[in-house]
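S.K.: Based on the provided sequences and hints, a complete structural model is requested.
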Amino acid sequence: MARKSHVQTTINGETVEFLCESRQSLLEVLRDELHLTGAKEGCNNGNCGACSVILDGRLVNSCLVLGVETEGKSVETIEGLAEPDKLHPIQDAFLENAALQCGICTPGFIMSAKALLDSNPNPTEHEIRYWLAGNLCRCTGYDKIVKAVLDVAKASA
Amino acid sequence: MPTVVIPPLMRKFTGGEENITLPGATVREVIDNLESRHPGIKERLCEEDRLKPGIAIYINGLLTRGSLLEHVDADAEIHFLPAIGGGMAKPSD
Amino acid sequence: MAEKKEYKVIGTRPIRHDGVDKVTGRALYGADFQMTGLLHGRVLRSPHAHARIISIDTSRAEAYPGVKGVVTAKDLPDAGDKVADLGEGAVNLKHLCDNILASDKVLYKGHAVAAVAATSPHIAEEACTLIDVEYEVLPPVLEVRQAMEADAPLLHEHLKTTSMGETADEPSNVASHIQHKLGDPEKGFAEADIVVERDFVTGTVHQGYIEPHNATAHFNQDGQLTIWCSTQGAFTVREQVAEILQYPISKIKVVPMEIGGGFGGKISVYIKPVAALLAKKTGKPVKVLMSRADVFEGTGPTPASYIRVKMGATKDGKITAAEAYLAFEAGAYPGAPVGPGAMCIFAPYSIENVVIDGYDVVVNKPKTAPYRAPGAPNAAFGSESVVDEIAEKLDIDPLEIRLLNAAKEGDRRADGPIHPRIGCIETLEATKAHPHYTAPNGKKHHGRGVASGYWFNIGLESSVTINVNSDGTINLIEGSTDIGGTRASIAMQAAEVLGIPAESVNPSVVDTNSVGYTAVTGGSRTTYATGYAAYEAAQEVKRKMIARAAKLWEVNEANVQFADGEFSCINGKEEQISFRDLCAQLGQTGGPIVGSGTVNPGGAGGAYATHVVDVVVDEETGKVEILRYTAVQDAGRAIHPSYVEGQIQGGAVQGIGWALNEEYIYNAEGTMTNASFLDYRMPTCLDLPMIDAVIVEVPNPGHPYGVRGVGEVPIVPPMAAIANAIYDAIGVRMTELPMSPDRLLKAMGKI
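Chains as they are written, first to last, in the working numbering: chain A, 1 to 157; chain B, 158 to 250; chain C, 251 to 1001.
Treat the hints as calculated values from the structure; they're not laboratory data.
Mixed in with the good hints, there may be bad ones.
As the list claims (entries may be wrong) - Derived lysine-lysine pairs resembling PhoX-like cross-links, with alpha carbons at most 25 Å apart:
no., chain 1, residue 1, chain 2, residue 2
1, C, LYS410, C, LYS332
2, B, LYS209, C, LYS258
3, C, LYS410, B, LYS199
4, B, LYS199, C, LYS823
5, C, LYS437, B, LYS169
6, C, LYS431, B, LYS209
7, C, LYS568, C, LYS534
8, C, LYS431, C, LYS534
9, C, LYS530, C, LYS437
10, B, LYS209, C, LYS332
11, C, LYS565, C, LYS503
12, C, LYS431, C, LYS658
13, C, LYS410, B, LYS169
14, C, LYS332, B, LYS199
15, B, LYS209, C, LYS344
16, C, LYS410, C, LYS437
17, C, LYS431, B, LYS169
These numbers come from a predicted model, not from an experiment.
M.R.: Laid out in structure tokens, this is it:
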């Protein structure tokens, strides 16, 4: 069995230490080692975006990042988004707009939308569609997802 | 009396007749009466005292559970149709 | 029943009950399940599309460090000649078992051959490569017409064509032939002034749910088997696993986790019995997950098909006769949805003379599974394209010709049954009145198309239990897994009965030991049938609460009435109490109240949809862009309009993908060459405009609130609507799906 490495990183503002094999992706580490199962595996090759997390301020597919690469870095996941007594505005907008059906792609979309709005708080519909094109949803036809993100943008404008 | 609409692929048993009116208060009785009038047809519909897999019964346009015990109203229209999905699991998405 | 009236809860848009869990990442899907001592299972799959298995040697895999157990078809009970009884349907048990783990032959690339349980998924994967399988490779049959030829290689030596109970003498790849006939088609065509006949070909497409299949199984020492999984129906998993393992249902508990999409593809079991076998062999819980490639190559796509449609009409647009020939690829084992395709193909029309022939044909591709209105989209691509061509040749507006021939209550469907109250005409009228239909559309290479679709929807069994809480809320226990907001749409129907807000209902989806039998979430049945069961359960609660109020006021039950959430005394006493306040009195008036409802309703109402689409065709690249899309649909009654719109939008977009991009691309050996989301290109949000969903409400008389069910019919019209729009744009009739850039360029004579 492959020898494990010790990794220290920051996840949702907390310092976290874990052991992982070099071949384990960040997605595997989050889900199997740290039990943060909000990031989902849809394809494991970077095409569906269900595993989207924010790494040092940049949106990544966690299935395409190795666990060992996160040493000394900062990871934001869906689990860190809401306040103890309050949802993040993007989460609220998804609920208000009925922007989810089965919900498997939802954490990825919300993290992706957060990364967009962090860098561009007032995107156009086209900018939203361009940015979210890396996240697949098979249930909604995207209509209500795009509207939810537009709503958040409008509220902050 | 109930009316049975004979499936096109079974009309050779009825000499081409499409609709047959005959007595019966359950699907079983209707099929038995059909058989006595048009011998051979029951074997195409049933095996071992149940409906063959792949065949469904509609009574007045509604899909039934496919039981021979199903009640049949006096003025009912009965269709024997191919079971949806070739008999696999449920006719559902 | 079902007349237009004001509702307090129905028709509103509350936040779904499972919403917070799903936007915070807390909701637990099948792959999220964890358990102490869990092993990880992986499946070895066939590299060949058609081969005989000579031998399987698992010894090297078994010896690999970390491997705890290996299973093959030898670990399954002998299926013999038995027919598996799966509630309503019946299916050859050997076919069912062989699709789980191949015994004598592999029939498609990706067919499961063996499985390994190990201490990590990586070790299990590595061990799979150490299983030595010797194959005798056979020529594959990859296309339906090729498979129907007399000299085609046979997949099953014993398969013979059945035609309504009659079995042919010679083996064939054609599993069954069905036929529907109405009137005298020959006479009908003779009366026609114009006859259009065309051939159509559709590709193999996948349901494309984002969550791969998963299953965790554990055998207790007392023989109790528990399976945690994502499924459209926990009870159908229990039935299928019981049949495949020849194990009593009373010893199997299926726990439905949250499910990440299904669309029909998560009804058949694949790895659930495999997880159970591995759990049995190792004595440990085993979690088996599929990769995305496993999902494409090893689970049900929907069939490719060859369809021929011929329709005749008089010069004033009356359709006099219609004929269809439908040959569907079942995949490796019989069971293509050619039956529903044949039932739906001409259902938007009232036609006196019809003949429809359907063929279920096995080919060396994965066994097909239901996909949203299974069979109907393939069929409608043909029929709705031909109707468009007739309209164009007769110079009649495409909606007018549909209205002129529209199916209505009392008309006979081609397969026999008489239409109950349906909303075909209302849907067409609403489409005609929509501003999209009359918006300007004349630019070069721009086109507009319309098409209609029908799906019958189903009823089947549902059970609901309601427990009343002392604070005026209720706990609603159901067996329908929630794939798109049905906790809300079911809870809202109970809330309406009891005059309480939707938020006062706590819905729970529970395991097979904890609720009455409930059929799958599918067939557009959940809001209809499970909602109906919730209505019945709430009615029982209401009756029991009335008895409590009567007891409280010392009056006869007949003197208590219930309206708008208030119980009141209608005779003598001036008494009144709200539902909530009466709940607080349950202790004093006799104890807890439980209401239950079980239904198996036969009154599922058929659903109609008409779509309008504007496209622009890029002359240089052949790419079709969707500029505007409007989907009009009769929902009967929209319980939660947002999730009805969501079903319509999602179905339309799956149809857009089917129309323009999606297909399994095979090489000559029968290997799918695009088994990833990169190469099997589903629509992204950048490919689409907003989808305008228009809800028409023609209440279904077979449901207390008029619900018809909405999930499936929106995928029926898009392919033909887009083909008709492409014709409008460039004057070429596209008859092959998908209408991808290469096919467009060929059709335009550019390559």
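S.K.: Now, for every hint given, state plainly whether the structure supports it.
M.R.: Now for the hints, and whether the structure bears them out:
1. C:LYS410 / C:LYS332: holds, 17 Å
2. B:LYS209 / C:LYS258: Violated - the C-alpha atoms of LYS258 (chain C) and LYS209 (chain B) are around 47 Å apart, more than 25 Å.
3. C:LYS410 / B:LYS199: Distance ~20 Å between LYS410 (chain C) and LYS199 (chain B) Cα, so the pair holds.
4. B:LYS199 / C:LYS823: violated, 65 Å
5. C:LYS437 / B:LYS169: Status holds; Cα separation ~21 Å.
6. C:LYS431 / B:LYS209: Roughly 21 Å separates the two Cα atoms, so the pair holds.
7. C:LYS568 / C:LYS534: Cα-Cα ~67 Å, so violated.
8. C:LYS431 / C:LYS534: violated, 56 Å
9. C:LYS530 / C:LYS437: Violated, because 64 Å separates the two Cα atoms, which is more than 25 Å.
10. B:LYS209 / C:LYS332: Answer holds: LYS209 (chain B) to LYS332 (chain C) is near 14 Å, not above 25 Å.
11. C:LYS565 / C:LYS503: Violated, because 62 Å separates the two Cα atoms, which is more than 25 Å.
12. C:LYS431 / C:LYS658: holds, 19 Å
13. C:LYS410 / B:LYS169: With a Cα-Cα distance of about 21 Å, the restraint between LYS410 (chain C) and LYS169 (chain B) holds, given a limit of 25 Å.
14. C:LYS332 / B:LYS199: With Cα atoms ~22 Å apart, LYS332 (chain C) and LYS199 (chain B) stay inside 25 Å; holds.
15. B:LYS209 / C:LYS344: holds, 18 Å
16. C:LYS410 / C:LYS437: Roughly 34 Å between the alpha carbons, so the hint for LYS410 (chain C) and LYS437 (chain C) is violated.
17. C:LYS431 / B:LYS169: holds, 14 Å
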